[in-house]
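> Those sequence lines, one after another, are chains A and B.
Heads up, the first sequence is in the working numbering, so the first residue is 80 and it goes up one at a time.
Heads up, the second sequence is in the working numbering, so the first residue is 80 and it goes up one at a time.
None of these hints come from the bench; they were simulated from the model.
Just so we're clear, the structure is a prediction, and the values are computed from it rather than from any experiment.
Nothing false has been slipped in among the hints.
Given that identical chains are not distinguished, each listed pair holds provided it fits within a single copy or across any two copies.
Listed next, the in silico DSBU-like pairs over lysine-lysine satisfying Cα-Cα at most 30 Å (straight line):
id : residue 1 : residue 2
1  : Lys-190   : Lys-327
2  : Lys-349   : Lys-190
3  : Lys-349   : Lys-327
Number of protein chains: 2
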Amino acid sequence: MSILLAINGWDLRSWQERFQALLPDREVLLAASEIDASRVKYIACWKHTPGSLARYKDCQVLFSLGAGVDHLITDYDLPDAPIVRIVDPDLTGRMSEWVAWQCLDWLRQGKMYRQLQSEQRWFDDRHQPAAQDVRVGIMGLGELGMDAVERLRHLRFDVAGWSRTPKHIPHVRSYAGESELSAFLARTDILVVLLPLTSDTRGIINADLLRKLARDGRLCGPVLLNAGRGGLQVEIDILAALDTGQLKGASLDVFEQEPLVPTSALWTHKDVTITPHNSAMSHPDAIAQSIVSQIKDFEQGEPLKHVVMRDKGY
Amino acid sequence: MSILLAINGWDLRSWQERFQALLPDREVLLAASEIDASRVKYIACWKHTPGSLARYKDCQVLFSLGAGVDHLITDYDLPDAPIVRIVDPDLTGRMSEWVAWQCLDWLRQGKMYRQLQSEQRWFDDRHQPAAQDVRVGIMGLGELGMDAVERLRHLRFDVAGWSRTPKHIPHVRSYAGESELSAFLARTDILVVLLPLTSDTRGIINADLLRKLARDGRLCGPVLLNAGRGGLQVEIDILAALDTGQLKGASLDVFEQEPLVPTSALWTHKDVTITPHNSAMSHPDAIAQSIVSQIKDFEQGEPLKHVVMRDKGY
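Please model the complete structure; the sequences and the hints are all you need to start from.
Rendered as structure tokens:
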């Protein structure tokens, strides 16, 4: 009845202490070759070494420590157990904060006013559009996308959504599938990408997509926000679109390679805002708590929540 | 049945055209000594020359072209007519945009991340508080304050309000009067000032008030947002509080003297965000439309809305 932590890139010891405090009667093990695999009933993982989990054949549930599961889905050598995503209200709320923050920063011309302040210049632009004049398009209508839709609607943005399969959202126009993607993009001034990374979505933010964004909006050019996954975007295409003016600006929290390489032209581009993949960094305590409560429910015979569809990748 | 425009500092001609287009059958006059005062039934004004309106004794309604009416209230030589404020949903929405934008920018450490980007440094702070961990206090619960409360609640901030007289707001703790001001300030991490400027509120944002703000919050020091009126604040006290660390930061849209003087230390202070009194710049068309529809209702015998209480100043 042990829980195994298979984590790369994060502080292992603090995660072990966190789980041990919540599950004082269980063994909390760190992935290592000398572990008796048959004792491992649950695995909590983040960017584990591919192939390293195959030997835990008695594992009953694989938990991802983050909202994304691409690190698990792309490993074809996993125990035959359900994969459970983190759906944490805290994480969802933080993502919506980031999205609302960046939408407002573009709406209210943050870059321009910061520049004016640095020059000690007073310039009150009387042609400021209001939120309701700006069309935000949310790509991906899972937990994160739906929450962002709600927050932005309350800020009065003109919000629409796109997802692979049709979703009904009260008072919000939603588009679905490949066939409606162009129409969705054509009415989008601020594109917010909250898609999962799958074989279908890899590189979806490319020259072809950026070219289809609205050119007739009140922001005088479309803006891209990506807080999903770096693998969704083709950075060379984003830079090209910025330089031709096809894109007015971009706020990026995720990158093809992280940390963003020091030589990337994104760092210094005047129309790019960069945050270091922390748009929705949940508190580790909240994540551990969420997994432990899922384990307890599961052992009471409750069905698992937020199980990933392995074929779809989300 | 003429309408007179008494405006300083704005483009007179465009206001005249705007009103004339909406009221093609009326005279739209610009304030000047040769005008026959008895023809003037309505006055729309913004920062008129004090004393200059006294001679329009037949004026039936005085309209302010902005949300603030301190420019009228402080003129003791006005026609004896009701003063009507602009309450424009567009203006209210824009003010809430600015408030939400600045609250999120402080919550999400905008200044720090912009600095890190300029240094091409990747630093993912794992101790970011969430909106619900941050206590916002809205001072002034009129139209603007109440709307800001709603927007910030939807972004999950922990919101409370303070007003001179008790207000009941569902699900929001509200404080009232002088006696509860200290308690309100003691639980406030981000103070949002949306008060009218009256003889009671002039200079209210001073050393004494700033000293009472919460010191135990998740932002590691309180933040001031003033989008009300410049006369509410004592800038020398704000600068002193920033320099002693009593205040962590400030976002100011209004100033004691506008445009903000080039020599003000606020311009270059690293913990100050400045916008040029445009937090809630309503579109002039929306303002004119709102006044014209009030005139039409008034002439149908409807009561005037948003009449200012001259004794209170709002």
